[in-house]
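Peer 1: Read off the chains here:
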Amino acid sequence: MSYYLAMIGTQDNPIYELEFGSFRQGNDGTSKFNPEMKELNPFILHAALDIIEDVQWETNTLYLKAIDNFYGHLISAYVTPGNVKFLLLHETKNEEAIRHFFTDINDLYVKVLLSPFYNANDPIISPSFDVKVKTLAKKYL
Amino acid sequence: MSSLINPSLSHTPPSTRGYNPAVGVLSNGLLTTTDVQHAFIAATAPSIALAPGKRNSMALRKTPEISLSALIYIFNELIINYNFNQSSNIAVLEKKLNALGYPIGIKALELHSTRSASPAAPETKRFTRVLDVLQYIHTHIWTMLFSKTADNLEKSQDNADEYMIIDNEPPLTKYAKPPKEFDQLNCNAFVAGILEGLLDAAYFSCSVSAHTVPVDGFPMRTVYLIKFSRSVLEREFVRFSR
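Quick note, the sequences are listed as chains P and B, same order.
Just so we're on the same page, our numbering is the position in the first sequence counted from 1, plus 1394.
Here our numbering is used: position 38 in the second sequence is 18, and no number is missing along the way.
No wet-lab data here; the hints were simulated from the structure.
Here are the simulated BS3-like cross-link-like pairs (lysine-lysine), alpha carbons at most 25 Å apart as the crow flies:
1) B:Lys75 - B:Lys207
2) P:Lys1459 - B:Lys105
3) B:Lys105 - P:Lys1505
Footprint (simulated), chain B over chain P, 3 or more residues, beta carbon under 8 Å:
4) 1410 to 1417
5) 1453 to 1461
6) 1464 to 1477
7) 1494 to 1507
8) 1516 to 1522
Covered, in the sense of this in silico footprint (three residues per stretch, anywhere, with C-beta under 8 Å from a C-beta of chain P), are these stretches of chain B:
9) 2 to 8
10) 179 to 193
Don't be surprised by glycine CBs; every beta carbon is placed ideally from N, CA and C.
Based on the sequences and whatever the hints tell you, model everything.
Peer 2: Right, dumping it as structure tokens:
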């Protein structure tokens, strides 16, 4: 089980990416994507942005559930009120866990955003943000 | 033992960790033992809880208020005077004030919606319709910024793309008195910038300007004129007209 997470800013620019594997069933959190898939991941997620821009006006919830799939891989999306998109590429359906994962990342994102030294749409290079996202991944996925 | 021999400067600093946009996912791929240590530090470090009821909440007071006189002092001295000395005319100054407010708007939107989530209803909402987002600014954002709701929300009769939010007594300029030759100046251009940033972030692209329109009893009554771009109205028409 492997996951690829990307946070996309309002200009369709990636501000954070993370590739990780499941921590369940004795796995150690390393992703099992093969090299071809690793290269495709960003493309698959960016292709889903068009679908998000359509779907996001049909509902006013933040979590849009699985909106797209690519040969057995599902793409779940979450849009913050300020239109930063969180996308997760995953292999099995797991709505509730992903919802909690996204909601907690939203909290972390707002904390980053509140820093006076962070401007909206900058890449998030903070190491502590990185570690906290990984901790969440371990907790929920 | 090795940590005793090595002077602390020779250690690789932990700040090299984290996401590097130039490298991509390779820069932050694996969870290492140092990561686990960092996670422990991060988990135990004091942090600000954003919403009341979540973890150890420093934001438990639902309306964290600051003194108006202190705010006005900072606003007048640092923001108005500093930018005033660098601006050739009123239009430039208003533009600068607007630009200062813009990033605050983006952050205010995200912060408010995170704060308003409660443990019972963790999901907040996005805005899909023009009127919804304007109502939200009129009541919730105004309460968050100024501890009161705005006095009125009107739709322009002449232009379909123009809306007005009216504040009879704008707090920021309560004690501001511009010199006579600048009586056209409205320092609430700063607040207009906040609104513009907020609406832009929510994908309602628009331009907002502040105008002083005095009436009896309210000499500083300010009208925020919100002019949406055509794409917003077209979207509204296509999605919601039926």
